[in-house]
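On the provided structure of chain A, position chain B as indicated by the hints.
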Amino acid sequence: MDRSLRDNPCLYGVYTKLGQAPTFDRYLRKFDSDFSVADLKLSAGANPNHRHANAVTYEPENFLIETRFNPDNLNRPSLDIARTFIHELIHAEMYRKLLSCSRLPHVNVNNMSNAQWQVYINNLKDDFPSLFDYYMRYLYNVPTNQQVSEPQHELMAQHYRQIVVQVLKQYDGNAHSDELYNALAWIGLMGEGIFNPTTALPSNPSVAWGKLPLSDRLNIKATYDNFINSNPPCQ
Amino acid sequence: MSIKKYFCILILITTNCSFSQIKQTDSVVLFLNLKSTTITYSFSKDTTDASFGIYRKGFETKKLRDNAMKPYRYRGKNRIKNFEDLKKANPKLLPKDGPRPSFSLNFWSIGEKPLYLESLVGVNYVTEEEFRNNELNYSSKKLFILHKLDNGIYLKWNVSPIPEE
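From first to last, the protein sequence lines are chains A and B.
Residues in the first sequence are numbered from 0 upward in steps of one, following numbering that gives the first Met the number 0.
Residues in the second sequence are numbered from 0 upward in steps of one, following numbering that gives the first Met the number 0.
Hints are supplied without guarantee of correctness; some may be wrong.
To be verified - Residues on chain B that point at chain A, a partial pick, calculated with CB under 8 Å:
1) Phe30
2) Thr39
3) Gly75
4) Lys86
5) Arg99
6) Leu104
7) Tyr115
8) Asn123
9) Phe143
As the list claims (entries may be wrong) - DSSO-like mimics (lysine-lysine), calculated; alpha carbons at most 30 Å apart, straight line:
10) B:Lys56 to A:Lys124
11) A:Lys124 to B:Lys141
12) B:Lys95 to A:Lys29
13) B:Lys91 to B:Lys69
14) A:Lys16 to B:Lys80
15) B:Lys141 to B:Lys56
16) B:Lys69 to A:Lys210
17) B:Lys91 to A:Lys210
18) B:Lys69 to B:Lys34
19) A:Lys96 to B:Lys91
20) A:Lys96 to B:Lys141
21) B:Lys140 to A:Lys40
22) A:Lys40 to B:Lys112
23) B:Lys34 to A:Lys124
24) A:Lys16 to B:Lys141
25) B:Lys95 to A:Lys210
26) B:Lys95 to A:Lys124
27) B:Lys147 to B:Lys44
28) B:Lys34 to A:Lys96
29) B:Lys95 to A:Lys96
30) A:Lys168 to A:Lys96
31) B:Lys112 to A:Lys210
As the list claims (entries may be wrong) - A few chain B residues that don't get close to chain A, going by computed Cβ distances all over 12 Å:
32) Thr36
33) Leu92
34) Lys95
35) Asn105
36) Leu116
37) Gly121
38) Val122
39) Leu145
Calculated directly from the structure, the hints in this document are not laboratory data.
For each residue, glycine too, the CB sits at the ideal point set by N, CA and C.
If we strip away everything but chain A, and leave its shape as in the complex, we get:
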């Protein structure tokens, strides 16, 4: 953990409390062992290309995956910040899997030789077929007229929301309704762009969010609004 995060009372407080959530701890420990393919650095600071992002998890470089939290975006309830932590840890876990496939210090395919690319993509298909499938559908095999979306968010929206729910329940001892935990699990996974309040769709929605019935989407947004308005900010 970087000192910048340790020196931030809100982030460090949420992180410390999350350590008592077994599911979060299990994911974190994957980076702990001497045999882990990647190190994880948690820090706090500005992300110049993503000024408004709550946090950004960067592609591995030199076997290091960095998650950087935005100290300007902490005027939210601590449960929402715990949600950001697990959301980013899932990104880090996906990058860890990709790194294990590349057998290189990075996963930047543009910097791979043809031989390295062959090893990487064969390993990805064999070792993590679900991750491969999402990368194929949302990154490599995208029709030219289709907007590009992020494969990791598409996969998370479809298959990891229950992990988010589990961590949040463990974080606050199941103090809220299932409706709230389920709504929180969608935050950050709805897609990108401005939000149409009538359809509850961003301009570039994720596939999973777009498939939800309109009434569910509107309820989730209203539940989140109510949560943000009725709980004190972490900082």
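Chain B alone, transformed into the frame defined by chain A:
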């Protein structure tokens, strides 16, 4: 009144004044011309909910945004349709992974109806250009978005950044 009490009251007053000042300077009102081509917006049918996007410096036009997205698209001649195509692809031409650039600063209203204002007298606001050119100065501030309706009335929305992760 004892000196001790006097100092306690003085500290309370000073603290309260500082707090008020922080509250004032910690928020900013952004005035948007909805006809501008460098913003996007959407309202609910009953106009009780809204969302706004302000294109960031360097991404104001579609051409600039399309250029910025080029590394995130496959740059080979033929579309990759299956695993065999993918294996044969030149890795230098494959789309870049990782977070895409944020083209716009996006906000949504959070369950509060807008305030109606008849005039802007006494309202301190920043323009779209000022906001775009100095976005770092505003990133930690509470934001209100102001715009004019066709009937001359102004709407002021309490907004939050749309969560981006």
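Hint check:
1. Phe30: Violated. Min distance 18 Å.
2. Thr39: holds, 5 Å
3. Gly75: violated, 10 Å
4. Lys86: holds, 6 Å
5. Arg99: holds, 7 Å
6. Leu104: holds, 6 Å
7. Tyr115: Where the cut-off is 8 Å and the nearest Cβ of chain A is about 18 Å from Tyr115 of chain B, the hint is violated.
8. Asn123: Not OK, violated: Asn123 of chain B not within 8 Å of chain A, min 21 Å.
9. Phe143: violated, 15 Å
10. B:Lys56 to A:Lys124: violated, 39 Å
11. A:Lys124 to B:Lys141: violated, 46 Å
12. B:Lys95 to A:Lys29: Given pair Lys95 of chain B, Lys29 of chain A holds - Cα atoms ~26 Å apart, limit 30 Å.
13. B:Lys91 to B:Lys69: holds, 13 Å
14. A:Lys16 to B:Lys80: Measuring from Cα to Cα gives roughly 46 Å; hence the hint is violated.
15. B:Lys141 to B:Lys56: holds, 21 Å
16. B:Lys69 to A:Lys210: Status holds; Cα separation ~28 Å.
17. B:Lys91 to A:Lys210: With Cα atoms ~34 Å apart, Lys91 of chain B and Lys210 of chain A exceed 30 Å; violated.
18. B:Lys69 to B:Lys34: holds, 28 Å
19. A:Lys96 to B:Lys91: holds, 21 Å
20. A:Lys96 to B:Lys141: violated, 38 Å
21. B:Lys140 to A:Lys40: holds, 27 Å
22. A:Lys40 to B:Lys112: violated, 41 Å
23. B:Lys34 to A:Lys124: violated, 48 Å
24. A:Lys16 to B:Lys141: Holds, at roughly 27 Å.
25. B:Lys95 to A:Lys210: holds, 27 Å
26. B:Lys95 to A:Lys124: holds, 18 Å
27. B:Lys147 to B:Lys44: Roughly 17 Å separates the two Cα atoms, so the pair holds.
28. B:Lys34 to A:Lys96: violated, 46 Å
29. B:Lys95 to A:Lys96: holds, 17 Å
30. A:Lys168 to A:Lys96: This hinted pair holds, its Cα atoms lying about 26 Å apart.
31. B:Lys112 to A:Lys210: holds, 28 Å
32. Thr36: holds, 14 Å
33. Leu92: About 8 Å separates Leu92 of chain B from the closest Cβ of chain A, which leaves it inside 12 Å; violated.
34. Lys95: violated, 6 Å
35. Asn105: violated, 5 Å
36. Leu116: With a cut-off of 12 Å, Leu116 of chain B remains clear of chain A, as the shortest Cβ separation is near 21 Å.
37. Gly121: holds, 26 Å
38. Val122: Correct as stated: the minimum Cβ-Cβ distance to chain A is 23 Å, above 12 Å.
39. Leu145: Per Cβ check, Leu145 of chain B is outside 12 Å of chain A; nearest 17 Å; holds.
When held up to the earlier numbered hints, the structure conflicts with 1, 3, 7, 8, 9, 10, 11, 14, 17, 20, 22, 23, 28, 33, 34 and 35 and fits the remainder.
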